[in-house]
Amino acid sequence: MATAADKRSDRPVGPAGLLFRPEVRQLVYQVLLLLALALVVWWVASNVAANLRRQNIASGFDFLSRTSGFDVSQSLIDYSNASSYGRAFWVGLLNTLLVAGLGIAFATLIGFMVGIARLSPNWLIARLASAYVEIVRNVPLLLQLFFWYFAVLKNLPSPRQSYVLPGGGFFNVRGLYLPAPLPQPGFGAVVLAFGLGIAAAVGLWMWARRRQRLTGRPFPVLRVALALVLGLPLIAFVATGAPLAFEHPVLRGFNFQGGLVILPELMALLLGLSIYTASFIAEIVRAGIEGVPKGQREAALALGLSNGQTLRLVVIPQALRIIIPPLTSQYLNLTKNSSLGVAIGYPDFVSVFTGTVLNQTGQAVEVILITMGVFLTLSLLTSLFMNWFNRHMALVER
Amino acid sequence: MIRLVPTAIATAGALIAMTAGAVAQSKTLDAVKQRGQLSCGVNVGLAGFSAADDKGNWTGLDVDYCKAIAAAVLGDAKKVKYVPTTTKERFTALQSGELDVLARNTTWTIQRDSAQGLSFVGVNYYDGQGFIVKKAAGAKTGKDLGGATVCVQTGTTTELNLADFFKASKLQYKPLVFEKADEALRAYQADRCDAYTTDVSGLYSVRLQMAKPDDHLVLPDVISKEPLGPAVRQGDSQWFTIVRWVHFALLNAEELGVTQANVDQMAASTNADIKRLLGKQDEFGKGLGLDNEWAYRIIKQVGNYGDIFDRNVGAGSRIKIDRGLNRLWTKGGLQYAPPIR
Chain A
1 MATAADKRSD
11 RPVGPAGLLF
21 RPEVRQLVYQ
31 VLLLLALALV
41 VWWVASNVAA
51 NLRRQNIASG
61 FDFLSRTSGF
71 DVSQSLIDYS
81 NASSYGRAFW
91 VGLLNTLLVA
101 GLGIAFATLI
111 GFMVGIARLS
121 PNWLIARLAS
131 AYVEIVRNVP
141 LLLQLFFWYF
151 AVLKNLPSPR
161 QSYVLPGGGF
171 FNVRGLYLPA
181 PLPQPGFGAV
191 VLAFGLGIAA
201 AVGLWMWARR
211 RQRLTGRPFP
221 VLRVALALVL
231 GLPLIAFVAT
241 GAPLAFEHPV
251 LRGFNFQGGL
261 VILPELMALL
271 LGLSIYTASF
281 IAEIVRAGIE
291 GVPKGQREAA
301 LALGLSNGQT
311 LRLVVIPQAL
321 RIIIPPLTSQ
331 YLNLTKNSSL
341 GVAIGYPDFV
351 SVFTGTVLNQ
361 TGQAVEVILI
371 TMGVFLTLSL
381 LTSLFMNWFN
391 RHMALVER
Chain B
1 MIRLVPTAIA
11 TAGALIAMTA
21 GAVAQSKTLD
31 AVKQRGQLSC
41 GVNVGLAGFS
51 AADDKGNWTG
61 LDVDYCKAIA
71 AAVLGDAKKV
81 KYVPTTTKER
91 FTALQSGELD
101 VLARNTTWTI
111 QRDSAQGLSF
121 VGVNYYDGQG
131 FIVKKAAGAK
141 TGKDLGGATV
151 CVQTGTTTEL
161 NLADFFKASK
171 LQYKPLVFEK
181 ADEALRAYQA
191 DRCDAYTTDV
201 SGLYSVRLQM
211 AKPDDHLVLP
221 DVISKEPLGP
231 AVRQGDSQWF
241 TIVRWVHFAL
251 LNAEELGVTQ
261 ANVDQMAAST
271 NADIKRLLGK
281 QDEFGKGLGL
291 DNEWAYRIIK
301 QVGNYGDIFD
311 RNVGAGSRIK
321 IDRGLNRLWT
331 KGGLQYAPPI
341 R
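Residue numbers (the working numbering), protein chains in the order written: chain A, 1 to 398; chain B, 1 to 341.
To be clear, the hints were calculated from the coordinates, so they are not data collected in a lab.
Each statement offered as a hint is correct.
Under the rule of at most 27 Å between Cα atoms (straight-line distance), these lysine-lysine pairs were calculated in the DSSO-like manner:
id, chain 1, residue 1, chain 2, residue 2
1, A, Lys154, B, Lys212
2, B, Lys134, A, Lys154
3, A, Lys154, B, Lys180
Reference listing, derived: stretches of chain B covered by chain A, where coverage requires no fewer than 3 residues with Cβ under 8 Å from a Cβ of chain A:
id, stretch
4, 109–122
5, 191–198
On a predicted model such as this, the values are computed, not experimentally measured, just so you know.
Quick reminder that beta carbons are idealized off the backbone N, C-alpha and C, glycines included.
Chain A extracted, bound-state conformation (with noise of 0.2 Å):
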C-alpha cells in the first residue's frame, strides 16, 4: 500500500508532466481523433449539401410532411393518398415489422422441429429433414419467392369461384377473406377473464416449481394452465351472451368487400422468409443439440428421468447457449430480406418509402440516410434483445 502511493508520488507533475500519463494521453488521442471523425463528418454532410443546391436538387426533412398522393395495398394504421410521406414511412415501417415478426416465429418453429427431425432415428425422418435443409438453402431467396408468388397465385381461382371455407371465409388469388371480428358492449368482460386467465397459470406455474424443488412432486402445470387461460375467457364469452360479432366478406363487383384480409403478398413473403430461413435454424439447432456431451443425456438417463425429461431439462438449455448467437444472425438475416418483398409486390419499407417516396420526391440521400438508420435501429434492437437472452441463458458458473 504504502510502496504504491510512494510511486504515484515520483511521477512528474505540472502541465508538462501530465501529458507523459498514459491515461491522460489516451484521453487526448481519443479526444482528438473523435473532432478529427466529426470534422469529417461535417464536412462530408456540407459538401453533400452544397453539391445538392448546386445540382438544383431539393435538400433536407421538410418533404416528410408533404402530401404524398398514392396509395398503399395493405397498412395497419389509416393512410390515404392524403396522408402525409412521414405517414407512409410509418405504414412501410408497420408493414416490414409484420412480415418480420410473423417471419421470425414461423422459421424458430420450423426450423427447431426439422432440426430435431434431422436427429431422430427414424431413417425416414431424418432423410427427409436433410433433404429439405440442403435442397432449401442452396436455392436463392429471391427465386423462392417468385415460386411461392407466382406459383401460387396461379393455382389459385378468381374471385368468383372462390375456394369457400367454413365459418364465412373465402380463398382466391386476391387473398384470404376471413370475417373480421366486431367486439360488441360486453366483450370487455371476456378480455378481462383472459387476463386473469394468464395471471393465474403464471402463479400456477411458480407455485408449482416452487412445491417440486420443495417435495420432488411434479403437477401437470401444463394441461391446468391452458384450461385457465382458454377456459376462463370461454365461460366470460357465454356469460355475457356472446358478445361478437362479425363482418362477412362479400363480393361485389371485381372482389370480396369488407372482413379481414390478408394478401396474397404477405402469405408469399412470409413462407418464403420462413422456409429458407428455417433451413439455416435446423442447422443450428442440431449442431447445437449435438454439441451437447452424450454423457449428460446417459446421466439424466440413469437418473430416471423420461426421453422427453430428458431433452427439455438437461439437453435443450445446454444447447440453447451454442444456438442462440447464430440464431440471432439468422434472425437479423430474416428482417433485412424481408426488403425482397418489394420484387413482388408487397409493401414493406423499402418498397413504400425507399421506392415510391424516394422517386416521387427526388431526395435519395435523406431517403437512403432515413433507410440505413431504420435497418440499423431493427437490427441493434433485435441483437440487443437477443443479446440479453444469450446471457439470461449462458452457463451461470458457481
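Since chain A is already given, all that's left is putting chain B on it; use the hints.
Just chain B now, kept in the frame of chain A:
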C-alpha cells in the same frame, strides 16, 4: 490508439478526395468524347421504346435517340453504352453522372425539372396514361373499374395519376406496386389484378406480349398527360443544347422531307433550309461544339423522326400505334421544332 491515428487521417483524406472529385465536374461533352462512348440510360425492356434482342442488340424509339446523339457527337451511332435502368434507379443514375443522357420514356414534370436537378430537352413522344383489362371482366371504360385491383410499377407518375383518377371518380381501388414492369405484368396475367396501368403506348406494347392479345382491351380513357422525353443533368448548358438540337434536327429533317433513304441526294439540294440542316451552308455545328455534318450523320445513320417512329412503334412495326399527337405540326400533330438557321 496511436496506430489508429494515421489510419483515421488516411481515411479522412480518402473521403475528402472522393467528395472533392464530385465538386469539380467535368463537361459532359468532353467526358463523352474522351470515353469514345455515350452512356445512355434506357428502359430495361419495353418493346418499341427500348428492348434488347437475344444477341444484345438494342432497338426502339428511345434507343434511336441514343444512337442519334452518338452519331452527332462521336460520329458513329454504334458508340453507345446502353444502361438499362428501372423507374426507381433512373434519376439517381443520371444525377450521379453514371449516365450522360436518360432516354427512357420518362415523363416531363415540374417536380423533376425543379427539384430533381434534371432538364428535359423536349418531347419525343406525347403520351397519356391508360388501363388494360381482361375482356372477360366486362369493363368498358375507366368508370367501370370501381373496386378493382390495379397493378402498377413503382417510382412513376403513373402511381400518382392512378390515385388522382380514382379519387376524382370517387371509386374504390387497390394499388399493387411492383419494382419491375415485368413482375407487375405477370401478376396481372395471373389474375392478381383486374387492370394494369401505364402509358398508353406501353399498354399496346405489352398487349402484344400477352399469350392471347385479343383477350385484353385497352380502355379508351386517357387519364393524364405524359409528355415523354430525353433528360440531362442540370448545370451543363452546352450538353443540354446539343441533345435538344439532336431532337430538333430529327423533326426538322422529317419536315423538310430528308429521310435516311434520300439524305445523300438531298445533300445536293438547293433548298437553303436543307443546306443548313445538312451543313452545306452556315456553320451551326461549331456553336454546338460539334462539326458541321452532325445532323447529316444523324439522318444518314439513324433517320429522321418519322423514320424512327414508323420503324419502332408506328406502321412499320409490330405495335402499329397511330401517330396521333406525334404527327408533325404541319399534319395536325404537336411535334414542332424551331428552325435551323
